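Asker: Protein chains in written order, with the UniProt record's numbering: chain W, 1 to 239; chain A, 1 to 239; chain B, 1 to 239; chain S, 1 to 239.
Just so you know, these hints were derived from the structure itself, not from any lab. Since the structure is predicted, the reported quantities are computational estimates derived from the model, not experimental observations. Be careful, since some hints might not be right.
Heads up, the list lumps identical chains together, so a pair's fine if it works in one copy or across two of them.
[Claimed, not checked] Below, a list of computed lysine-lysine pairs in the PhoX-like style, where the Cα atoms sit at most 25 Å apart:
hint, residue 1, residue 2
1, 42, 9
2, 141, 42
3, 34, 9
4, 146, 157
5, 146, 34
6, 157, 145
7, 146, 9
8, 42, 145
9, 232, 141
10, 232, 207
11, 9, 157
12, 207, 157
13, 157, 232
14, 145, 232
15, 141, 9
4 protein chains.
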Amino acid sequence: MTLVDVLDKGYVRLVNHMGSDLTVVNAARVSYAKESTEWSEKDLRLIRFLAREGHTSPFRHVMLQFEIYAPLMVARQWWKYVVGSSHMEGTGDSLEAWNESSRRYITEEPIFYIPNPGEWREKPENSKQGSGQAIEAESGKDYTKKLMDYVEAGVQKYEEALADGICAEQARLFLPAYGMYVRWYWTASLQSVSHFLSQRLEHDAQKEIQLYANAVLQLSMPLFPNALAELKVHTNEDE
Amino acid sequence: MTLVDVLDKGYVRLVNHMGSDLTVVNAARVSYAKESTEWSEKDLRLIRFLAREGHTSPFRHVMLQFEIYAPLMVARQWWKYVVGSSHMEGTGDSLEAWNESSRRYITEEPIFYIPNPGEWREKPENSKQGSGQAIEAESGKDYTKKLMDYVEAGVQKYEEALADGICAEQARLFLPAYGMYVRWYWTASLQSVSHFLSQRLEHDAQKEIQLYANAVLQLSMPLFPNALAELKVHTNEDE
Amino acid sequence: MTLVDVLDKGYVRLVNHMGSDLTVVNAARVSYAKESTEWSEKDLRLIRFLAREGHTSPFRHVMLQFEIYAPLMVARQWWKYVVGSSHMEGTGDSLEAWNESSRRYITEEPIFYIPNPGEWREKPENSKQGSGQAIEAESGKDYTKKLMDYVEAGVQKYEEALADGICAEQARLFLPAYGMYVRWYWTASLQSVSHFLSQRLEHDAQKEIQLYANAVLQLSMPLFPNALAELKVHTNEDE
Amino acid sequence: MTLVDVLDKGYVRLVNHMGSDLTVVNAARVSYAKESTEWSEKDLRLIRFLAREGHTSPFRHVMLQFEIYAPLMVARQWWKYVVGSSHMEGTGDSLEAWNESSRRYITEEPIFYIPNPGEWREKPENSKQGSGQAIEAESGKDYTKKLMDYVEAGVQKYEEALADGICAEQARLFLPAYGMYVRWYWTASLQSVSHFLSQRLEHDAQKEIQLYANAVLQLSMPLFPNALAELKVHTNEDE
Chain W
1 MTLVDVLDKG
11 YVRLVNHMGS
21 DLTVVNAARV
31 SYAKESTEWS
41 EKDLRLIRFL
51 AREGHTSPFR
61 HVMLQFEIYA
71 PLMVARQWWK
81 YVVGSSHMEG
91 TGDSLEAWNE
101 SSRRYITEEP
111 IFYIPNPGEW
121 REKPENSKQG
131 SGQAIEAESG
141 KDYTKKLMDY
151 VEAGVQKYEE
161 ALADGICAEQ
171 ARLFLPAYGM
181 YVRWYWTASL
191 QSVSHFLSQR
201 LEHDAQKEIQ
211 LYANAVLQLS
221 MPLFPNALAE
231 LKVHTNEDE
Chain A
1 MTLVDVLDKG
11 YVRLVNHMGS
21 DLTVVNAARV
31 SYAKESTEWS
41 EKDLRLIRFL
51 AREGHTSPFR
61 HVMLQFEIYA
71 PLMVARQWWK
81 YVVGSSHMEG
91 TGDSLEAWNE
101 SSRRYITEEP
111 IFYIPNPGEW
121 REKPENSKQG
131 SGQAIEAESG
141 KDYTKKLMDY
151 VEAGVQKYEE
161 ALADGICAEQ
171 ARLFLPAYGM
181 YVRWYWTASL
191 QSVSHFLSQR
201 LEHDAQKEIQ
211 LYANAVLQLS
221 MPLFPNALAE
231 LKVHTNEDE
Chain B
1 MTLVDVLDKG
11 YVRLVNHMGS
21 DLTVVNAARV
31 SYAKESTEWS
41 EKDLRLIRFL
51 AREGHTSPFR
61 HVMLQFEIYA
71 PLMVARQWWK
81 YVVGSSHMEG
91 TGDSLEAWNE
101 SSRRYITEEP
111 IFYIPNPGEW
121 REKPENSKQG
131 SGQAIEAESG
141 KDYTKKLMDY
151 VEAGVQKYEE
161 ALADGICAEQ
171 ARLFLPAYGM
181 YVRWYWTASL
191 QSVSHFLSQR
201 LEHDAQKEIQ
211 LYANAVLQLS
221 MPLFPNALAE
231 LKVHTNEDE
Chain S
1 MTLVDVLDKG
11 YVRLVNHMGS
21 DLTVVNAARV
31 SYAKESTEWS
41 EKDLRLIRFL
51 AREGHTSPFR
61 HVMLQFEIYA
71 PLMVARQWWK
81 YVVGSSHMEG
91 TGDSLEAWNE
101 SSRRYITEEP
111 IFYIPNPGEW
121 REKPENSKQG
131 SGQAIEAESG
141 KDYTKKLMDY
151 VEAGVQKYEE
161 ALADGICAEQ
171 ARLFLPAYGM
181 YVRWYWTASL
191 QSVSHFLSQR
201 LEHDAQKEIQ
211 LYANAVLQLS
221 MPLFPNALAE
231 LKVHTNEDE
């Protein structure tokens with residue numbers, strides 16, 4: 001499996017990877033000039049020790065490259081993890097690369113994420129951020145329709161502006177951009193990926209980014225089963 | 001001067017800084033355990049040599065902290081510089097910190113950038129990105145009005161959704177987010193700042209971010225006149 | 001106090017700093033556009049929350065610059081922290097700059113760390129790294145003398161080689177370099193500094209680097225008392 | 001070919017790599033959702049454009065992992081490139097990982113680089129760093145012998161100290177460490193590798209590290225012929 005669908009039109013695709021669980025233990029043993037070629041009980045004990053004690057540098061020699069297609073609001077939370085953000089986190093780790101599409105010069109038709117009627121959520125009861133239960137079905141139907149109409153009106157104005165000769169970088173002011181799909185490549189070490197997962201699989205992360213984090217996990221787990229297990233990266237039980 | 005107004009409601013504020021032109025030359029001379037305390041001709045020759053030869057690490061010991069209030073489309077181009085982006089740039093330099101406001105949990109009234117009638121620009125003649133001359137006055141007036149109406153409609157729907165109990169992280173799908181103001185702190189070394197300026201003062205950068213880059217330059221130049229002069233950071237002649 | 005002596009001839013000097021405890025809480029509150037100018041109980045609660053939950057990015061807007069004079073073996077363990085190393089650590093945080101003297105082109109007299117007779121330590125009983133109790137006084141005296149003689153012989157050969165016209169970059173092969181003093185500037189965010197301290201104040205860190213870490217702590221604590229207290233950075237009880 | 005011998009006992013080994021020339025152009029085209037699977041004239045024009053204009057971020061999705069065995073003085077210059085150093089360079093790029101052996105806890109026999117009689121070089125005529133012609137054969141023979149004796153004496157004292165129960169982290173003060181071989185893994189993006197090469201293949205880099213840089217180039221060139229050619233990475237003509 002190299003592609004997992006997410007939301008109505010998004011996906012995560014594993015483009016490439018380098019290394020395996022063995023890469024981690026071999027990096028940790030560089031002092032001894034001994035290289036394992038087959039996974040053993042000894043390797044398991046070492047990777048468990050490294051993960052438990054926070055000796056994360058050996059996990060930085062394993063790399064993954066993903067292509068992601070997601071609403072801009074997800075992209076923004078993702079890179080906030082990369083750059084380091086206020087109420088989120090910020091390892092400052094930058095063993096990552098990022099190349100993203102831009103609305104400054106593309107004039108293809110923009111594509112938007114529109115929640116299905118059953119996907120609209122209430123605000124949480126005891127928190128300033130996050131979300132709670134699904135709202136009532138009837139109300140959900142109204143909001144899906146309302147958003148479709150509003151997005152359609154925005155796209156129409158955007159296209160009128162382009163047709164009138166206005167530059168794309170200003171015309172885009174008409175787009176309800178939070179839900180607009182963008183596409184990017186993300187190349188990151190296993191240390192970065194597992195840190196991202198440990199943050200974004202959490203209950204208080206936005207539901208939409210949790211779904212993307214789950215897709216990243218599904219694609220990564222078969223490749224590095226021991227490393228990810230010992231780093232305690234796992235989905236929330238209720239998903 | 002510590003604050004420069006930009007666009008209709010934005011600004012750049014210099015919050016703090018560390019070091020001076022002398023910090024750069026003293027870092028370059030750490031081998032010799034000699035520290036200049038007053039700027040001299042010899043220091044000028046050294047900083048000129050460092051800048052010309054690309055020996056940029058001594059510029060990394062000088063730090064600046066800014067508070068920026070800008071439309072999200074400007075924020076996104078700014079951080080693309082930080083993370084490294086496709087057709088733009090990418091030093092990968094990460095001697096920077098970034099803390100930004102989020103629409104996931106704030107429920108204050110959102111504020112938007114609306115270009116004045118005279119500020120709408122044509123698409124460029126010979127390029128896929130950027131912009132050209134101002135559009136006709138009459139048409140500009142129409143588009144300013146059209147954008148105000150569309151933004152107002154979006155904000156109204158956003159507030160209805162919040163009033164109906166929908167979580168803020170989904171309600172924001174109704175906001176034409178590219179023009180929405182966000183506020184952030186940016187702490188960066190002089191090396192990072194000058195690299196940012198060299199990219200964002202360019203003609204082919206979006207006009208709006210050029211204006212912010214100019215504000216950063218105005219606030220920085222009096223503090224590090226020699227370093228910035230030798231790094232050849234300067235505004236475009238026609239601005 | 002801006003300078004703390006370490007070992008026989010080394011020191012840590014605080015060159016400059018930017019920000020205070022308030023910088024941290026103000027960065028965390030950028031969303032609210034509220035800035036504290038005086039430290040309050042509310043700020044303490046916020047910084048405690050940030051430290052406890054690992055929201056470290058606000059700590060990245062505070063910067064410190066140190067000048068350090070230390071044996072090369074200490075410098076190497078220090079930068080291993082910066083770059084990320086095998087059995088040690090590896091945040092990959094790179095909000096740091098580093099400028100160091102080099103023996104490739106300096107031909108000043110090299111200076112060496114020679115442990116006093118009472119400073120030589122036994123190997124630890126139950127560990128492959130670290131050290132135990134002091135060795136016997138008489139034996140310590142012998143080793144101090146032996147090291148002085150060996151270093152002196154090396155320096156003499158180094159100087160003969162230079163006098164014979166051999167290039168400095170090869171002549172230095174005669175120097176017992178682990179104990180040779182080097183000087184560098186280290187500019188790092190409070191997040192980086194506290195991470196460095198949490199690693200290097202540990203019992204299993206080499207004694208010599210623990211002493212340098214203590215000096216860094218002594219110089220930093222008066223400037224950021226709340227931040228460092230909440231980040232649980234403190235010396236080992238038995239020192 | 002995956003291993004190149006360097007100096008008397010050192011080597012560079014290509015452990016792994018991820019991507020190809022195509023990875024670079026595909027990352028640059030992520031906006032267009034078009035992926036090349038076969039190299040074409042169009043790809044060549046794009047990679048030439050990216051290299052010429054300094055749009056280096058697409059080169060960050062290609063990764064290489066090397067194992068290196070080199071004298072400590074080479075290791076130190078190598079990591080100075082990584083961390084950023086005074087009279088050298090400093091992109092601050094940190095899309096790299098590094099895991100290195102340590103003399104703090106290994107008690108295997110230390111191995112040293114001893115220049116052959118014909119490898120000792122004069123100091124340069126018009127420069128403070130670097131080196132010039134080979135010294136006279138007879139004198140070279142003397143210095144090789146002198147260094148062998150001095151190293152042997154140091155190793156003997158080191159082993160006596162260990163035998164007397166002194167901890168390894170202090171006993172190593174007897175080792176003429178600049179020439180001591182260390183082993184490490186270096187994982188870096190193609191952008192980092194090409195920047196390293198552009199610095200270390202230069203005439204004014206130390207001869208010994210030029211030889212290692214050449215080995216890295218030999219191992220990388222067959223994998224990314226177009227990217228490296230356009231980035232203008234090449235050996236000095238006279239080598």
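Asker: Are there hints from earlier that the structure breaks, and if so, what are their numbers?
Answerer: Violated: hints 1, 2, 5, 8, 9, 13, 14.
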